[in-house]
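Asks: Chain residues, written in single-letter form:
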Amino acid sequence: MTMLQYGFMQRALIAAVLVGLSAPAVGVFLVQRRLALMGDGIGHIALTGVALGFLLGTAPVLTAVVVASIGAVVIELIRQRGRTSGDVALALLFYGGIAGGVLLIGLAPGGTNANLLSYLFGSLNSVSPGDLRVIAVLSVVLLLTLAALGRELFAASYDEEYAAVAGLPVRALNLLLAVLAALTVTVAMRVVGLLLVSALMVVPVAAAQQLVRGFRATVLTALAVGVLSAVTGVTGSYYADTVPGAMIVVVALGAFVLAAGVGAARRRTAAVR
Amino acid sequence: MTTPPVVELRGVCAGYDGRRVLDHVDLRIEQGDVVAVLGANGSGKTTLVRTMLGLTHLTCGDLELFGTPVARFRDWPRVGWVPQRTSAPGGVSATVREVVASGRLARIGRFRRGSTADRAAVSGALDVVGLSDKSGSAVGTLSGGQQQRVLIARALASQPELLVLDEPMSGVDAASQDTLVSTFERLVGDGVTILCVLHEIGLMTPLVRRAVVLTEGRVVHDGAPPTSHDIHHLDPEHAHPPAHEPEAVRGAWGLS
Numbered sequence: 001m002t003m004l005q006y007g008f009m010q011r012a013l014i015a016a017v018l019v020g021l022s023a024p025a026v027g028v029f030l031v032q033r034r035l036a037l038m039g040d041g042i043g044h045i046a047l048t049g050v051a052l053g054f055l056l057g058t059a060p061v062l063t064a065v066v067v068a069s070i071g072a073v074v075i076e077l078i079r080q081r082g083r084t085s086g087d088v089a090l091a092l093l094f095y096g097g098i099a100g101g102v103l104l105i106g107l108a109p110g111g112t113n114a115n116l117l118s119y120l121f122g123s124l125n126s127v128s129p130g131d132l133r134v135i136a137v138l139s140v141v142l143l144l145t146l147a148a149l150g151r152e153l154f155a156a157s158y159d160e161e162y163a164a165v166a167g168l169p170v171r172a173l174n175l176l177l178a179v180l181a182a183l184t185v186t187v188a189m190r191v192v193g194l195l196l197v198s199a200l201m202v203v204p205v206a207a208a209q210q211l212v213r214g215f216r217a218t219v220l221t222a223l224a225v226g227v228l229s230a231v232t233g234v235t236g237s238y239y240a241d242t243v244p245g246a247m248i249v250v251v252a253l254g255a256f257v258l259a260a261g262v263g264a265a266r267r268r269t270a271a272v273r
Numbered sequence: 001m002t003t004p005p006v007v008e009l010r011g012v013c014a015g016y017d018g019r020r021v022l023d024h025v026d027l028r029i030e031q032g033d034v035v036a037v038l039g040a041n042g043s044g045k046t047t048l049v050r051t052m053l054g055l056t057h058l059t060c061g062d063l064e065l066f067g068t069p070v071a072r073f074r075d076w077p078r079v080g081w082v083p084q085r086t087s088a089p090g091g092v093s094a095t096v097r098e099v100v101a102s103g104r105l106a107r108i109g110r111f112r113r114g115s116t117a118d119r120a121a122v123s124g125a126l127d128v129v130g131l132s133d134k135s136g137s138a139v140g141t142l143s144g145g146q147q148q149r150v151l152i153a154r155a156l157a158s159q160p161e162l163l164v165l166d167e168p169m170s171g172v173d174a175a176s177q178d179t180l181v182s183t184f185e186r187l188v189g190d191g192v193t194i195l196c197v198l199h200e201i202g203l204m205t206p207l208v209r210r211a212v213v214l215t216e217g218r219v220v221h222d223g224a225p226p227t228s229h230d231i232h233h234l235d236p237e238h239a240h241p242p243a244h245e246p247e248a249v250r251g252a253w254g255l256s
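Those protein sequence lines, which keep their order, are chains A and B. Residue 213 in my numbering sits at position 213 of the first sequence, and the numbers go up by one each step. Residue 63 in my numbering sits at position 63 of the second sequence, and the numbers go up by one each step.
Hints listed in this document are in silico derivations from the structure and should not be mistaken for laboratory results. Among the clues, some could well be false.
[To be verified] To be clear about the criterion: a stretch of chain B counts as covered by chain A if any three or more of its residues have a C-beta under 8 Å from a C-beta of chain A, and this derived list gives those stretches:
#1 53–60
#2 76–82
#3 136–142
[To be verified] Far from chain A, by Cβ distances over 10 Å, these chain B residues were calculated:
#4 T2
#5 E98
#6 S170
#7 A175
#8 P206
All residues carry an ideal CB built from backbone N, CA and C; glycine is no exception.
Whole structure, please, built from the sequences with the hints as guidance.
Replies: Here you go:
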């Protein structure tokens with residue numbers, strides 16, 4: 001493959017594969033809890049973090065991690081406490097995130113909205129070796145945490161009250177999941193962009209659900225769909241000369257449509273039998 | 001030293017948003033008891049269960065589980081809870097075995113892999129409820145009665161000494177109700193203490209040794225399970241004050 005002759009393409013491919021693994025791995029728990037759009041919300045908030053990085057002259061990824069984590073924890077606390085105005089509070093945070101980002105970038109020396117574009121839509125081909133190290137470390141931490149605490153997170157997501165009665169630290173697990181989701185968003189923002197982060201957390205899971213039953217099987221299938229979409233998307237964008245982030249998401253959506261077709265055909269044959 | 005009662009409530013009040021649902025409830029459940037909690041809708045049956053499980057806070061009185069105040073109780077694997085079945089079990093389907101295994105987690109401990117004994121406990125729980133052949137099926141594809149048995153197996157997976165069930169018969173077809181009753185018979189034979197919220201005592205009559213009837217958050221009867229003969233001679237004055245609504249109590253037993 002000629003594209004692997006270029007260092008930037010090697011880095012793009014590795015970064016995309018790491019995100020293809022970690023985004024659905026966290027996303028499956030969000031889908032389980034019917035919080036599929038939480039990744040979107042955190043993405044909006046992370047934009048304020050990116051702009052803050054420009055303003056302070058530090059790495060935007062680091063400030064994005066911090067601000068997105070704080071935002072995710074606040075969303076979770078509102079969910080735990082609030083009963084009636086939860087969705088309104090979430091909406092306020094989302095808009096606050098975008099407005100805060102645009103406002104802060106204007107205050108940054110030499111900052112324009114153009115600086116935010118590469119974070120909103122991703123800029124996979126400009127991933128530096130330093131960026132790749134950050135993405136790799138965060139992804140590995142994320143995947144190891146999920147491997148160690150996946151059973152507990154599953155129990156807490158499947159039936160929160162039962163898990164509490166069974167003696168699991170449900171609140172701590174929920175906050176952990178919120179922070180993991182924030183990490184995922186910041187890891188993925190360079191690859192697919194903040195506006196499409198949630199797609200990689202949700203679409204592979206939705207595709208897997210069409211094909212398999214059972215939680216573990218769904219997780220493994222979603223990881224496969226995520227990696228496959230990442231590799232196909234990056235390769236396709238190289239040859240078709242398109243934006244890789246959007247290509248990855250379009251491929252994942254294609255995988256979903258395919259999986260839905262296969263699932264429906266299978267159910268029909270099962271019904272005939 | 002005598003063993004403490006499995007559950008002891010002394011003058012317990014509890015409620016939501018300032019509304020008192022349980023009104024000075026006294027209740028003592030000894031090891032091996034099989035107790036039915038009966039009462040009309042809104043009488044406080046579910047709140048009683050939730051308070052015992054630490055999900056609803058006490059506003060007055062004392063509640064002990066196995067001799068430990070509920071606020072300090074940490075030995076939750078000794079308690080198996082079967083909540084009322086909900087129609088929406090999450091956005092991702094899970095297999096029967098995955099759900100039942102989640103009931104074993106508290107016994108396994110964090111950052112450890114389940115041992116052979118843990119896997120055997122999960123298989124045993126599936127066997128008790130008669131779902132071993134369904135362990136790989138998605139829970140959402142099962143019938144109401146089968147889903148109820150999944151929740152019972154999940155509670156049994158931690159090998160509890162006390163099993164608390166909230167309306168296990170609701171939405172369950174007649175054949176599955178028979179299966180559930182034989183499951184309970186087996187558990188009672190194993191010495192498990194059972195507290196079961198029921199809308200009507202029905203098929204559980206041969207098993208239940210004691211019935212507690214709630215009306216408006218108060219215990220109005222605590223003793224032998226009501227028979228149809230008792231219903232005809234029911235005198236709520238005799239059991240306990242308040243002196244109102246024998247109709248409500250009768251309705252509570254599902255025999256009105």
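Asks: Which numbered hints are broken by the structure, listed smallest first?
Replies: 5
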